[in-house]
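Residue numbers for the sequence shown follow the numbering used here, so the first one is 1 and each next one is one higher.
Just so you know, these hints were derived from the structure itself, not from any lab.
In this text, all values refer to a predicted model and were calculated from it rather than measured experimentally.
By construction, the Cβ of each residue, glycine as well, lies at the ideal position given by its N, Cα and C atoms.
Since no wrong hints were added, every one of them can be taken at face value.
Here are the simulated distance ranges between beta carbons:
| no. | residue 1 | residue 2 | range |
| --- | --- | --- | --- |
| 1 | GLY38 | THR3 | 34 to 42 Å |
| 2 | PRO33 | ARG5 | 32 to 40 Å |
| 3 | THR4 | ALA64 | 13 to 21 Å |
| 4 | GLU23 | LYS2 | 26 to 34 Å |
| 5 | ALA24 | ASP70 | 27 to 35 Å |
| 6 | PRO31 | ALA64 | 16 to 24 Å |
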Amino acid sequence: MKTTRKREFLRQMDQVVPWKELEALMAPHMPSPGPKGGHPPYPVSVLLRIHFLQLLLALSDPAAEEAFDDVPAFA
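Please build the complete structure, drawing on both the sequences and the hints.
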């Protein structure tokens, strides 16, 4: 697989960000699935990574959603 700038950026982000520690801080504040079912909440790791990408790349919510649909490296 070719190493693109986006893939390299994500690799570097994984090396720098203390994901496990941040996930542990956020986990107690995340919603749990409701008794009536519905969509289960996204995992903390996914939400945290999306948030970081939005901040670092200055993406709005719709732009982040589009990036995840268009760019396989972000998924």
